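Student: This is what each chain is made of:
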Amino acid sequence: MKLHMLAEQVRADLLAFSRRPETLFFTVFLPVIFLVLFEAIFGAQKVMSNGVELSQSTLQVPAFMAMGVISASFVALAITVVNRRETGIFKRVRGTPAPAWLLIAGQVVTSLLIAILMVIVMLLLGRLAYGVTVEPRHIPWLVLVVLVGAAVFSCLGMMLAALTPSSEAAPPLANVVVLPLYFISGVFVPVESLPSWLGTIASWLPVAPFVKAITWPYSPATPTPWEPLILLVLWGAIALAIASWRFRWTPRRG
Amino acid sequence: MTAAIIVEGLVKRYDNRTVVDHLDLEVQQGEVFAFLGRNGAGKTTTTEILEGYRTRDAGNVSVLGVDPASAGPDWRAKLGIVLQESRPLGALTVRETLRLYAAYFPNPRSVNDVISLVGLEDQTNQRAGRLSGGQVRRLDVGVALIGNPELVFLDEPTTGFDPEARRQFWDVIIGLRNLGTTVFLTTHYMDEAQVLADRVAVLRDGKVAALGTPAGLQALRGDVEICFSLPHGIEIAALPQLSKPAALAGGEVRIETTAPTADLAALCGWADSKGLELPGLTVERPTLEDVFLAIAGDATADQA
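Just so you know, the sequences run in chain order A and B. According to numbering that gives the first Met the number 0, the stretch in the first sequence is residues 0 to 253, in order. According to numbering that gives the first Met the number 0, the stretch in the second sequence is residues 0 to 303, in order.
Everything labelled a hint here was simulated from the structure, so no lab data went into it. Being a predicted model, the structure only gives us computed values, none of them experimental. Check the hints yourself; a few may be wrong.
[Unchecked claim] Quick list of simulated restraints, FRET-style, between CB atoms:
1) A:Ser243 to B:Arg16: 27 to 33 Å
2) A:Leu112 to B:Asp289: 27 to 33 Å
3) B:Pro105 to A:Leu112: 26 to 32 Å
4) A:Leu14 to B:Asn106: 34 to 40 Å
5) B:Asp66 to A:Ile138: 53 to 59 Å
6) B:Asp289 to A:Ala104: 38 to 44 Å
In this text, a Cβ means the ideal position worked out from N, Cα and C, and glycines have one as well.
Required output: the full structure, derived from the provided sequences and hints.
Tutor: Shown next, in the form of structure tokens:
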């Protein structure tokens with residue numbers, strides 16, 4: 000019965016997501032548009048990555064795959080959760096027999112499904128348009144990284160939602176957090192071309208380790224990057240603690 | 000009949016302000032109970048304590064035999080709640096919204112039954128974001144009814160409605176009453192209470208200032224009011240002896256009387272014998288609105 004509830008919740012959340020043009024554009028289409036543009040502009044360049052020469056084209060596919068996962072699990076999730084809280088929808092559902100976890104699980108599962116969709120789109124686009132492939136033996140790692148990444152960025156999204164005061168503040172806040180991180184974490188610009196102090200700062204923040212872990216299957220010359228994954232999980236734990244501390248179901252004004 | 004809601008000595012304070020001040024209340028099963036008061040009188044605070052959203056500082060509360068402060072999902076399954084400020088998800092259609100909420104409840108009504116109960120048959124596949132204000136509110140009530148509740152809370156459901164939308168909304172509530180559902184209705188419209196409610200409580204400064212049937216409340220100020228303009232050239236002292244003294248304001252004579260027949264007879268006999276007409280003569284019972292204004296106090300006094 001609880002699973003039936005979750006299925007209905009996810010169905011409704013996915014329907015609502017797919018009908019909001021702005022979230023659909025920023026979450027689904029923007030990473031794809033960026034990939035296509037960046038491939039056209041920088042695809043032919045060569046880059047040294049961990050001592051191996053790679054084409055920029057190869058690195059950009061996982062980079063924008065990471066962006067797709069972060070858009071779904073962090074940006075879209077935070078904006079939706081704030082919206083549901085401020086319009087009284089959470090409060091209303093809390094007045095029904097539905098358990099509290101259902102609302103969070105609905106959001107997390109919905110964004111996970113969108114994140115998986117983004118990964119599949121990027122995998123196909125990389126393979127068909129740019130001839131960039133992942134060896135089958137690296138697929139389990141990719142699955143692990145995407146699942147951990149989606150979970151961690153969902154925690155970070157819940158934390159941001161808990162700290163965001165209003166519906167109006169949610170989209171700019173989420174983007175202010177995420178855009179600079181894309182620049183310094185190897186999404187828009189290779190980490191190798193950053194000043195080293197900036198790269199060092201970025202390497203301790205959540206986006207860079209995720210990009211590093213998701214890029215590995217595309218350039219697996221180095222040992223499996225467990226350290227970034229562990230760092231990511233630590234971030235998730237911190238975010239979850241802050242989110243549960245500050246989270247509320249009711250609108251700020253109510 | 001048994002009580003659906005029992006409140007004894009309920010107290011709620013915000014900082015140092017007492018919003019609900021030793022409130023006592025009993026709502027019987029199957030009745031439509033209207034909870035009236037001005038903004039800031041404590042209506043929503045009381046309602047949200049009954050719904051389990053807010054904690055209380057003192058007093059006993061029992062809703063369907065359970066203390067809302069410690070109630071669980073089984074208790075919430077018997078309630079339907081329409082919050083003062085809530086909007087359904089604009090991206091979902093009427094049917095999708097009701098289907099989702101039906102999944103939250105153990106024994107939901109059928110979605111189609113609820114759609115016809117709230118009169119949204121023509122909007123079934125319309126997104127909530129494209130409904131009119133009145134239709135959104137009816138969908139809200141539909142969401143409150145989907146779980147087949149024993150008790151429904153409606154917090155100021157018709158605020159901001161045009162008269163047509165209000166009348167349609169009233170039909171929904173009358174339909175609910177006919178189904179035997181207990182309704183706890185918060186409103187600041189007296190006419191709404193008059194049409195819908197079996198009993199009315201008027202709240203003032205966090206206390207029940209008056210309680211009774213709409214007719215009973217009206218009887219609290221049972222006086223009939225006789226009004227007319229003072230005929231030209233006649234002093235107010237020249238009027239015949241009446242059961243209550245006449246008041247003069249702006250050329251308008253006003254007599255609040257409990258003996259309207261005798262007073263009218265005296266007045267008319269007197270005027271007739273002098274060959275006078277009493278211009279603009281009216282005999283009126285005060286409306287429930289007047290009663291409410293007298294009990295609830297003037298607007299400025301209750302501003303919180």
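Student: Sort out which numbered hints this structure fails and list those numbers smallest first.
Tutor: 2, 4 and 6
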